[in-house]
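Trainee: So the sequence lines, in the order shown, correspond to chains A and B. For the first sequence, counting from 1, position 22 maps to 22 in the working numbering; every step adds exactly one. For the second sequence, counting from 1, position 80 maps to 80 in the working numbering; every step adds exactly one.
Just so you know, the hints here were simulated from the structure itself, not pulled from any lab data. Please read all numbers here as calculations on a predicted model, not as lab measurements. Beta carbons: idealized from backbone N, C-alpha and C, even for Gly. Treat the hints with caution; some may be incorrect.
Facing chain B, from chain A, some residues (calculated, C-beta under 10 Å) [claimed, not checked]:
1) 2
2) 10
3) 13
4) 14
5) 15
6) 18
7) 20
8) 60
9) 234
10) 237
11) 240
12) 244
13) 255
14) 258
15) 260
16) 302
Calculated lysine to any residue pairs in the SDA-like style (CA-CA distance at most 25 Å, straight line) [unchecked claim]:
17) 37(A) - 70(A)
18) 296(A) - 93(B)
19) 195(A) - 4(A)
20) 58(B) - 35(A)
21) 296(A) - 18(B)
22) 38(A) - 63(B)
23) 97(B) - 20(B)
24) 67(A) - 18(A)
25) 296(A) - 28(B)
26) 20(A) - 81(B)
27) 58(B) - 301(A)
28) 58(B) - 55(A)
29) 38(A) - 56(B)
30) 70(A) - 269(A)
31) 296(A) - 8(B)
32) 37(A) - 65(B)
33) 37(A) - 58(A)
34) 58(B) - 95(A)
35) 97(B) - 301(A)
36) 296(A) - 232(A)
37) 296(A) - 219(A)
38) 206(A) - 63(B)
39) 37(A) - 56(B)
40) 112(B) - 85(B)
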Amino acid sequence: MSVMRLGYLHIRVTNLADAKRFYVDTLGMQVVLEQGKKIYLKCWDEWDHHSLMIEEGGVGVIKLGYKVAKPEDLAYFEKRIEAFGVSTARMSVGETLGVGEGLRFIIPSGHTLELYHHMEFTDTAVGLINPPLFPRNLAGVGVPRLDHCLLKTDNIPLAERFFIEALDFKPAERLVSDLSSDGELLGTWLFCQHKTHDIAFVAGEKGRIHHWGYKLEGWDAIRHAGSILSMDDVSVGYGPEIHGLSRGETIYFFDPAGNRMEVFAGGYETYPDFPTITWTADQLPRAVGYISRELKENHFTVDT
Amino acid sequence: MSKVITILPEAARFPAQPGETLLQAAYRYGLSYTVGCREGGCGACLLELVSGEVEYLKTVAQSVLSDQDRARGVCLPCRAVPITDVVIRLNPSDRLKRGYFSDSLARRALKKAGRT
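Same shape as in the complex, but just chain A:
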C-alpha cells in the first residue's frame, strides 16, 4: 500500500508555441501528443504516457498526479483520505489522457491531486533491451525524469499531517521558526519511497506552486544545464548552488510563461526509518544555498 511517485503535472502557459519551443528544444522533452490547445510531453527516461501537460491560457498548476503501487491502493487511500475529512471523486478511465481509474481530490493546501494506478506504457527513449546509456539525439538539457514539486500553503502543519496520515508519506526535512516549544512549522519536505522528497510545502499563499523539479545525474549535468539555459536566454532565478536542505545540486529557472522549475541532482536516499532533519529559519540561507549563504529576496515570494 503505497504512493510511488509524482507521475504528472498539468500546467497553464500563456503561449503554447513559446512553451513548446522551451520544453522541447531547451529542456529536451518529447512531444507525446498535441490536442488543440494542449500538448502532452515526457522525459526520455520515463516509460509512462506523459509527465507534463501544458495548456494555453493563464499560468500556474492545474493538477498533479501521483502513481500508486497496486490497483487496490486506490480503495485503501480513498478510505484514508475520506477518514481525514477530505472528499474524493472517482476518475474513470481516460478522464486524464492515458490514465486509468483513479481518485481526484483537493488536498488541504488547495491543490488538485489525482491518484492512479495505471498509465499507458509508451516505453523510454532508449528502450528496454540492451539500452544505450542515453539517447544520442537528445536536445538541450535533456531532462531524464520528473522528480518532485514544492507547493505553497497557509497551513503547513495541516498539509503535512494530511500527507502523513492519509497518504503514508514521511517528512525527510522540516523548516521551523526556531527550536522552542512554540516554534512554527514553516516548511516540510516529504517522501513516499526512497527519494529525497516527492512533495514539499512552504508557507505562502494557498494553491500556488513554487516549482517542480527534474532529476539530473550530477553536478556536471547541472553545469551543462546552466550552459544551455544561458544559450537559450532562459530566465534563471537561482543557482547553480548546493542546497543544505536535501544536499541537492540545483538551478531554478522559469519557462516562457513564468512557471518555475528546477534541475536537481544529488540528494540522498530515504527509508521508512529515516530520521527527520530539522532546519531553523535563521539558517535558511544555508538551507537553500549552502555555499553562498545568500538568499535572493524573491526566491520564496515569487510563485505562480
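Given chain A, put chain B in place with the hints provided.
Mentor: Chain B only, in chain A's frame:
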C-alpha cells in the same frame, strides 16, 4: 525615433531599442530592481506607469495584470514594450540598482539617439 524610459524616483533615463520590453532595456544598461520570473508569470515586477503608453506583444494572464490594473496605470515591465516615451515609478520599498557602467552607457545611448 527611440523611446526614452525614465525610472523614478532615481530618474534613470535611457533609450529602448525597437520591440524590447522596459525590463530588457533596463537590464541592457545594468539597471535592475526587484523582479521575479521575468516571463510575465508572477507579477513581481509590476510598477506604476506614470506617463506614456506601452503595448503587450505577448499574451499576459489576467491573473498577473488585469484590465483593471491596466486602467489604474499599472504596467508589467517584463512584458511591456514602450510605444511612446515612458515614465515608470519603483515601488516605495524598492531601490534601483545601478551597474558600474549604467550611467555612462545611458548617457552615450541618449546622445546617439539625439535625446540628451
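Trainee: Could you run down the list of hints and mark each one as holding or not?
Mentor: Hints, verified against the model:
The beta carbon of residue 2(A) comes no nearer than 34 Å to any beta carbon in chain B, farther than 10 Å, and the hint placing it at the interface is violated. Because the smallest distance between the Cβ of residue 10(A) and any Cβ of chain B comes to about 16 Å, over 10 Å, the interface hint for this residue is violated. Given hint, residue 13(A) at the interface with chain B, holds; its Cβ is 9 Å from that chain's nearest Cβ, closer than 10 Å. Among the interface hints, the one on residue 14(A) holds; its C-beta lies about 4 Å from the nearest C-beta in chain B, closer than the 10 Å criterion.
Using the Cβ-Cβ criterion of 10 Å, the hint placing residue 15(A) at the interface with chain B is satisfied: the shortest such distance is roughly 6 Å. A least Cβ separation of about 7 Å between residue 18(A) and chain B falls short of the 10 Å threshold, and the interface hint therefore holds. Among the interface hints, the one on residue 20(A) is violated; its C-beta lies about 14 Å from the nearest C-beta in chain B, farther than the 10 Å criterion. Using the Cβ-Cβ criterion of 10 Å, the hint placing residue 60(A) at the interface with chain B is satisfied: the shortest such distance is roughly 8 Å.
The closest approach between the C-beta of residue 234(A) and any C-beta of chain B is roughly 9 Å, which is under the 10 Å cut-off, so the hint is satisfied. The interface hint given for residue 237(A) is met, as the beta carbon of that residue sits about 7 Å from the closest beta carbon of chain B, less than 10 Å. Hint on residue 240(A) is violated. Least Cβ distance to chain B is approximately 18 Å, over the 10 Å limit. A least Cβ separation of about 24 Å between residue 244(A) and chain B goes past the 10 Å threshold, and the interface hint is therefore violated.
At its closest, the beta carbon of residue 255(A) sits 7 Å from a beta carbon of chain B; the interface hint therefore holds under the 10 Å criterion. Satisfaction of the interface hint for residue 258(A) is found here, the shortest Cβ-Cβ separation to chain B being roughly 1 Å, below the 10 Å cut-off. The restraint placing residue 260(A) at the interface with chain B holds, with a minimum CB-CB distance near 7 Å, inside the 10 Å limit. Checking residue 302(A) against chain B: minimum C-beta separation of about 4 Å stays under 10 Å; hint holds.
For the hint linking residue 37(A) to residue 70(A), the alpha-carbon distance of about 33 Å lies beyond 25 Å, and the restraint is violated. Only pairs whose Cα atoms come within 25 Å are accepted, and residue 296(A) paired with residue 93(B) is accepted, the gap being roughly 16 Å. A hinted pair counts as satisfied when its Cα atoms are at most 25 Å apart, and residue 195(A) with residue 4(A) qualifies at roughly 10 Å. Between residue 58(B) and residue 35(A) the alpha-carbon distance is near 22 Å, which keeps this suggested pair within the 25 Å criterion.
The suggested pairing of residue 296(A) with residue 18(B) is violated, with an alpha-carbon distance near 31 Å, which exceeds 25 Å. A C-alpha spacing of about 20 Å is found between residue 38(A) and residue 63(B), which places the hinted pair at or below 25 Å, so the restraint holds. For the hint pairing residue 97(B) with residue 20(B), the CA-to-CA distance comes to about 20 Å; that is within 25 Å, so the pair holds. For the hint linking residue 67(A) to residue 18(A), the alpha-carbon distance of about 29 Å lies beyond 25 Å, and the restraint is violated.
For the given pair, residue 296(A) sits about 21 Å from residue 28(B) by alpha-carbon distance, which is consistent with the 25 Å threshold. For the hint linking residue 20(A) to residue 81(B), the alpha-carbon distance of about 23 Å falls within 25 Å, and the restraint holds. Proposed proximity of residue 58(B) and residue 301(A) is supported: the alpha carbons are some 24 Å apart, at most 25 Å. Among the hinted pairs, residue 58(B) with residue 55(A) is consistent with the structure: their alpha-carbon atoms are about 16 Å apart, no more than 25 Å.
The straight-line distance between the Cα atoms of residue 38(A) and residue 56(B) is roughly 23 Å, inside the 25 Å bound, and the hint therefore holds. Only pairs whose Cα atoms come within 25 Å are accepted, and residue 70(A) paired with residue 269(A) is accepted, the gap being roughly 23 Å. A distance of roughly 23 Å separates the Cα atoms of residue 296(A) and residue 8(B); the hinted pair therefore holds under the 25 Å criterion. With a C-alpha separation of about 22 Å, the suggested pair residue 37(A) and residue 65(B) falls inside the 25 Å cut-off, and the hint holds.
Note on residue 37(A) and residue 58(A): the hinted pairing holds, with a Cα-Cα distance of about 12 Å set against a maximum of 25 Å. Distance check on the hinted pair: residue 58(B) and residue 95(A) sit about 32 Å apart at the alpha-carbon level, beyond 25 Å; violated. Our distance criterion of 25 Å between C-alpha atoms is met by residue 97(B) and residue 301(A), whose separation comes to about 19 Å. Our distance criterion of 25 Å between C-alpha atoms is met by residue 296(A) and residue 232(A), whose separation comes to about 23 Å.
For the suggested pair residue 296(A) and residue 219(A), the alpha carbons sit about 21 Å apart, so the restraint of at most 25 Å is met. Only pairs whose Cα atoms come within 25 Å are accepted, and residue 206(A) paired with residue 63(B) is accepted, the gap being roughly 15 Å. Between the alpha carbons of residue 37(A) and residue 56(B) the distance comes to roughly 21 Å, so the proposed pair stays at or under 25 Å and holds. Proposed proximity of residue 112(B) and residue 85(B) is supported: the alpha carbons are some 16 Å apart, at most 25 Å.
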